[in-house]
Each structure stands twice: as C-alpha cells, then as structure tokens.
Amino acid sequence: MKLYSGSQVIKFCALTALVVFGVSTFTGRKSFAKDEARAAERNEADAVNDKINPEGQISSAKYDAQGNELITGLEQNPAVIIPVSTGSSNYTQDEQQNIGVYAACNEAVVNINTKVTSYDWFLEPYVQDGGSGSGSIIDKRGYILTNVHVIQGATKIYVSLFDGTQYEAEVVGQDLDSDLAVIKFDPPSGTELKTISFGDSSALKVGQKVIAIGNPFGMERTMTTGIVSGLGRPIQNSNNRIIRNMIQTDASINPGNSGGPLLDTNGHMIGINTMIMSSSGSSSGVGFAVPSETAVRVVADLIKYGKVNRGTIDARLVQNSRRIASYAGLDIATGMLVSEVTKGGNAEAAGLKGGTEAAYYGNRSSVIYLGGDIITKIDNIEVKSLADYYSALESKRPGDIVTVVVRRNKKDLSLRVTL
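Numbering (this note's numbering), first residue to last: 912 to 1330.
Since the hints were derived computationally from the structure, they do not count as laboratory data.
Wrong hints could be hidden among the right ones.
What the hints assert, rightly or not - Straight-line C-alpha distance at most 20 Å; calculated SDA-like pairs for lysine to any residue: (1) Lys1026 / Glu1103; (2) Lys1264 / Thr1223; (3) Lys1116 / Ile1138; (4) Lys1095 / Asp1050; (5) Lys1295 / Ser1250; (6) Lys1105 / Met1134; (7) Lys1295 / Gly1240; (8) Lys1116 / Arg1155; (9) Lys1295 / Ala1239.
Here the structure is a predicted model, which means the values were calculated and not measured.
Make the full structure from the sequences, and use the hints.
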C-alpha cells in the first residue's frame, strides 16, 4: 500500500474536481446546444404545420382563411387533415369525409346533464334532473363550450366523455347575448383529452356541406349531415336576445344537440348548434348555429374574465311602446327612450338628452323621465326593442365609436358615442 501526505491528497482531489467540472461543462453545453437546435426545429415545424397543410389550406384552428390568428391561450391537439379518397377506397369521397370528420371529432363531444333545485308544497328544497345537451372540448385542460340554456339554472353539471366516464363541471362564464357558456372539469392526471378546433365561419358559403355531432334524445355522439341553408340570420333566442349572423342549416338537429359543434369537412367547428325552428319540437330541417366568429370572441373573454366585456352607453333606457307614445305625444312607438344620462358619462359627452318630465311606469315606485331622445339606430342597425339594442352592441368593445341615430323633436339626429 502506498501512502500519501495530506497536501498530496488535497492536490489530487482538486485536480480531479477540475477535470470533472470541465468534462461536465463541455457535455452540458453540447447537450444544451442540441436541445436548442431541437426546439428551434420544433418551433419552425409547428409554425409551418399550424399555418399550412400539404394542399396549401389553413388547417389549424388558430387561424382564419386569411391566416389571421383567431384565439390564443387554448391548449389543443394538432389540427387534423381529413384524408380524401383516391379512388381505391371502398367508400365514396363524401363517405370518407364523413368517416374522417367523425373519427377526428366525436371523442371531443360530451354529453351534458344537469341537476336543478325545486321546492315541494312545504317549500322544502329537493334536487331533480334538469336538462341535457351537448358540448365541445376546446382545451385539453377540460374547458368545454356549450349553450347557456343547456346549463341555465343548474345546481350540478355533469359531463360524460366518449368512454363513459363522468365528471362534475363548474361554470367558468356565460353570456346571455350569444347564448354561449364555458364550463370546466378537471381531467385525471395523465389523461389526454381530444379537442375540437375553431374554424372560420366568415368564409362559409350557402350550399357548403356541414356536419353536426351531438346527443339528440340522449343518444350520444350522433352525427348528421346537411348544408349551409342560409347565412346572417338574426334569430331571437329563448332569453329574448337577438343573435345576429346565425348559420341556418338543414342538418338534422333535435333536443339534445344544443351546444354541440357544427363542423366543416375539415373537422373544424364553424358553429355551435343552438336552436331549431319547428312546430313539433323536433327537427324540421331548419336549425340555427351561433357562428364561430362570435364564439371565438366570447370564449376568449369568458375564460379570461368570466364575462364578456362589451361597450355600453351610460344612460338609463326604457323600451318605448304605444302606451308611452300616446301619453307623451310621440310620433313613433318603438325604439329606446333615454330616460336619464349618467353625469359625466359617454352619453352626456356625445350630446344625448335625457327626459325632464317624471311619470310613473308600471307601479308607483317606478319613475321614468319623458321628453328625452329616442334611440332608433346604432351603426345602421335598427333599434326597435331592447333585444335589438343588446344585439347592436353585442360585438362592440369598450372604446369603440358608434353612430347613434336618435329621434328628437320629431326629427332624426346622428351622434357619435364612444362606448
């Protein structure tokens, strides 16, 4: 055995440490350089794949037909390109599109069931089954897009996935003006959820093929097909809000389809199935979907704020009527009466005039002021009712400038209002 002095041992250890440090630093730099190169390759590939598919078409949910970004912050699966038949398949091109869209999207469609609280004759509360509908998973963290009327009044919300598992969800935000709501459940750790991407509803054409997936009458993930029958339809929903630019389709939509996706042949969600027009309550070939253009704007706000931030006019408004018009000697019986304007608000700054003559309206505790302006148009949209007023401001943001036409002294006057 060879003996070493204390100083020799210290020198040997120091030299060894320097060698190890040098080797690890070199290896770490090399590994870091490789990681940086791989990351750059991935980012470059993602940028290309997200933008353009092999046929030169937009294939990612994040971009519209012009390549403009639609929505940010969502964690979604990569966009799927639906294969097209080459002639050697046993299916027609139309059948292959249907099969491809269903395979890509059906697992991202959920069945929603609710529980509501009711009261018996002794005013004791009890829980019973509420409504049911559909929803689309739009984020891998468990965010689901559906209709407000599917979850309205619910004390408990349950979502059932394609594999039969059921989870309780909570409301993230809801918007009556568009009848859209976002709910969320917490998927178990390690679960990889399928998602549905947003498409560009502004590029739709009448006659274009569309596909609906939902849970009509509780029959989960049912697919129906049809065409775009009409565009830009203003439809009043069950919450007495007029939703503009609705997509009309003849794809079969029944109770239970509400909240489910209306898809194009690339499997992108271009609408949210919302209502049908029927005397029997079942599909009559006239269904309506909220366009994805509206949904993208609403969803971004609901997830971030829990509500939609819209521009408003700082005034107390009252729905005009024949009774009010007759009493006040007005020459029109529609529009929104400007009863009061907020001191220092945008309405006062724009020159809107409130009323000066107090009158009881409805009951002795409700007072309105007559003699002020009557709003009849906002940005060339006729305002005959409160529903029209909400609809005209639905897409407006705080800071937007709108042209408001008012009736004053039996003459029309245009004012510019900063919302």
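How the hints compare with the structure:
1. Lys1026 / Glu1103: violated (27 Å)
2. Lys1264 / Thr1223: With Cα atoms ~16 Å apart, Lys1264 and Thr1223 stay inside 20 Å; holds.
3. Lys1116 / Ile1138: Roughly 9 Å separates the two Cα atoms, so the pair holds.
4. Lys1095 / Asp1050: Distance of about 9 Å is within 20 Å: holds.
5. Lys1295 / Ser1250: holds (16 Å)
6. Lys1105 / Met1134: With a Cα-Cα distance of about 17 Å, the restraint between Lys1105 and Met1134 holds, given a limit of 20 Å.
7. Lys1295 / Gly1240: holds (18 Å)
8. Lys1116 / Arg1155: holds (17 Å)
9. Lys1295 / Ala1239: Since the Cα atoms of Lys1295 and Ala1239 sit roughly 18 Å apart, the hinted pair holds (cutoff 20 Å).
Of the numbered hints given earlier, the model fails hint 1 alone.
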